[in-house]
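Hey, can you work out the whole structure from these sequences and the hints?
So the sequences go chain by chain: G and H. Add 378 to a position in the first sequence, counting from 1, and you land on the number used in our numbering. Add 185 to a position in the second sequence, counting from 1, and you land on the number used in our numbering.
Some but not every residue of chain G turned toward chain H, in silico, with C-beta under 7 Å:
| # | residue |
| --- | --- |
| 1 | Phe434 |
| 2 | Asp443 |
| 3 | Ala467 |
Covered stretches of chain H (chain G as the covering partner; in silico rule of three or more C-beta atoms under 8 Å from a C-beta of chain G):
| # | segment |
| --- | --- |
| 4 | 235-246 |
| 5 | 280-287 |
Computed footprint of chain G on chain H; a stretch qualifies when at least three of its residues, placed anywhere within it, have a C-beta under 8 Å from a C-beta of chain G:
| # | segment |
| --- | --- |
| 6 | 253-262 |
| 7 | 268-277 |
It should be emphasised that the hints constitute simulated quantities derived from the structure, not laboratory data. All C-beta atoms in this analysis are idealised placements derived from N, C-alpha and C, irrespective of residue type, glycine included.
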Amino acid sequence: MPVEVRLPTVLRPAAGGQSTVTVNGSTIGEVLRDLIGTYPSMAGQVLTEDGALHKFVNVYVNDDDVRYLDQLDTKVASGDEVSILPAVAGG
Amino acid sequence: MLRLSAGVHAQIVGHCLGGLPDEACGLLGGNPTASSASTCYPTRNAAASAQLYSIDGLDYAQAERDADAKGQEIIAVFHSHTHTDAYPSPTDVAQANPLFPNWHYVLVSLRDTHPVLRSYRIFGGRIEEEPVIVDGQ
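And the structure:
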């Protein structure tokens with residue numbers, strides 16, 4: 379299923395400058411793996427070598443952080459808006 | 186060096202004071218080449234804590250969209266330390282996002298009567314303080 383993914387400014391150079399890309403998948407894991415397959419230079423920035431979500435990015439489906447849903451197993455439906463955002467935190 | 190307009194400086198300090206007793210946080214938009222911040226984006230602290238901050242993801246997205254529309258970039262993040270110095274904590278260093286090696290990290294200490302604002306570069310575990318110039322002061 380085609381899904382639109384909105385990219386933060388910092389990841390756009392890896393996608394030829396595009397702010398939104400269309401990739402395929404029915405879960406967030408599938409969507410991100412297809413994204414990296416299409417734009418390989420995002421590999422170390424979005425997912426870890428073990429295939430987990432990188433701690434320095436957050437992924438939202440519409441207004442919900444997938445870490446509080448089913449993480450990479452979170453399902454996406456037609457029309458959902460997927461956004462990748464940098465994680466900015468400290469103490 | 187980080188250059189702030191007087192208005193941005195006041196907004197940063199005001200947002201930090203308004204967040205008490207928790208840490209407050211936000212982003213600064215501007216010109217990365219000039220290291221000049223002209224827009225303050227106060228954000229919610231998703232951690233809602235006096236010891237930690239986490240920029241709310243949706244607030245980040247909104248700030249970035251606004252900066253895009255202005256032809257600016259997000260060049261800095263700011264947050265308060267409610268009871269300690271305006272110096273990056275070990276957590277700040279560990280959490281510094283490697284996607285942004287050129288960001289400025291602005292710290293505001295609210296420990297004393299008068300807030301103290303300082304700015305740093307943090308990359309690869311190293312901390313370097315930089316001068317802050319407030320235009321109009």
